[in-house]
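Based on the hints, put chain B in the right spot on chain A.
Residue numbers (numbering that gives the first Met the number 0), protein chains in the order written: chain A, 0 to 101; chain B, 0 to 398.
Be aware that a few hints might be false.
Claimed, not checked - With the C-beta cut set under 10 Å, the calculated list includes, among others, these residues of chain A facing chain B: (1) Ser10; (2) Gly19; (3) Gly20; (4) Arg21.
None of these hints come from the bench; they were simulated from the model. We put the beta carbon where it would ideally sit given N, CA and C, even for glycine.
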Amino acid sequence: MGTRNYRRKTSHSEHGAGDGGRTGSWRVERPVLDPSLCIPCKRNKEACFICWLFCPDVVISRTIPPTINLEYCKGCGICAEECPTKAITMADEAKFAEEDKE
Amino acid sequence: MHIIENGNAAAALGVKLCRANVIAAYPITPQTPLTEKLSEYVELGEMKAEYIPVESEHSALAVCIAASSAGARAFTATSANGLLYMHEQVQWASGARLPIVMCVVNRAVGAPWNVWNDQQDSISQRDTGWIQIYCADHQQIIDTVIKAYWLAEQVSIPVMVCYDGYILSHTFMPFDLPEPEKVDAFLPPFKPDYFLNPLEPANLNTVTLPDVRMDVRGELAHGYMEIRCLLQEDLRKALQTAGEAEKRFAGIFGRKADPFIEPYRCDDAEHVAVGLGSITYQMRVCVDQLRAEGIKIGVMGVRYYRPFPDEAIASALKGKKGVIVVEKALSYGYEGALMSDLKSALYEYLAGTGSLPVVQNFIAGIGGREIRTDDLTQTLRAAAKGRVSKEPLWIGLRL
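Bound-form chain A, shown alone (with noise of 0.2 Å):
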């Protein structure tokens, strides 16, 4: 079901990261994650992973710690608004430039 052929005549697309393209450029917030909050970190088992559950664009992982794949993080915040011991926080994303330059 569901030809190449058939979805390339519409917008037809597969859930997954990089779906909307190359969203990290979008950013100008960053998520950071504090393992010493994080529930899975914490106690060293699956657990929680409210933030992989909410991201719209599929970016954060359900492992040990979760990790964030900043390709295509587009910076909207939710997983920060969501995690219920505020493990994660939205950082300004131009003290990340001048970092990456470095």
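Coordinates of chain B only, in the frame set by chain A:
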């Protein structure tokens, strides 16, 4: 079997024979009896379909878009301001390549408010990427609905079946009711290439970037422009598929016609009147009278308006002295839309041959103004003598 019914019933019977799965519509004059008939079929169990009453035309087409995306054969119908209210979804349905069939029962648009017939409603949707077919009698209405589903599903493009309000929708005419077995043979069940399925999740028509991009599989995916260009290419190719539909239909039902044009006494004609829908049959009466007076004139109905059968029209009009385009709609600020399209086809195929006909434009029946056959005959008689006006002339106008 021959029956006598009105045009709306002919359309409803066609939809029933096509075994549409989902019908969503909002009543509007003169389309109302069509949807009432369909809800009756569903209510009585004569038709196994979901009839979804909605609160607006915008929702009616939105429901059809969802149903069609889920793999159902969907139908809706509307008129005038209802069609205009749908406009956003009209564009969506074609961009999403969903084979929805919609009857447009032609009616004038407001302001001022008017419920009578002209064709401004569907003509104003010309550039939405739908296939548009115009019917001139009840047999064409029921046959076209059946052909429309086959064509739509072949090319993945929605189809508007347009017929004149009241003149066709509310008048009774005898027509042949196709046998259900034959319709089933002509139109197999709808098998979409893809339909919404939780086991195969996908994003349909989400933000599509101006440029091409790598998708999640690492394959190059189209940008917006590629997808829109494919719609245009497939619409142009649909002319060929429409020809196949006609052949298949003739093979099963025995009713054979040119899919694109309907010429009457055109072979030796020096002048040809051209129009869309029922007015072309009315003009046959004028043509007969003018022929008796010795004027070599014929009339040609244009059945497909989009995709525009430019080649068929230009070759039918090749060598004619004059072409008289009579329209029930207008591209305000210039001339009739059919007039412009027809001239463009003539230019493409006949420019430089030294035989470009004189083309004249007349506007008639706007907002249901009665088109008196005598007025029409007089207009054609005058136009056949030579060019009357550069600007479109309004028949029956009292200013």
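Hints, one by one, checked against the model:
Because the smallest distance between the Cβ of Ser10 (chain A) and any Cβ of chain B comes to about 4 Å, under 10 Å, the interface hint for this residue holds. The closest approach between the C-beta of Gly19 (chain A) and any C-beta of chain B is roughly 6 Å, which is under the 10 Å cut-off, so the hint is satisfied. Annotation: Gly20 (chain A) was flagged as interfacial toward chain B, and the flag holds, the nearest CB pair being 5 Å apart, inside 10 Å. Restraint check, Arg21 (chain A) versus chain B: the minimum CB separation of about 8 Å is within 10 Å; hint holds.
Hint check: no violations occur; every hint is consistent with the structure.
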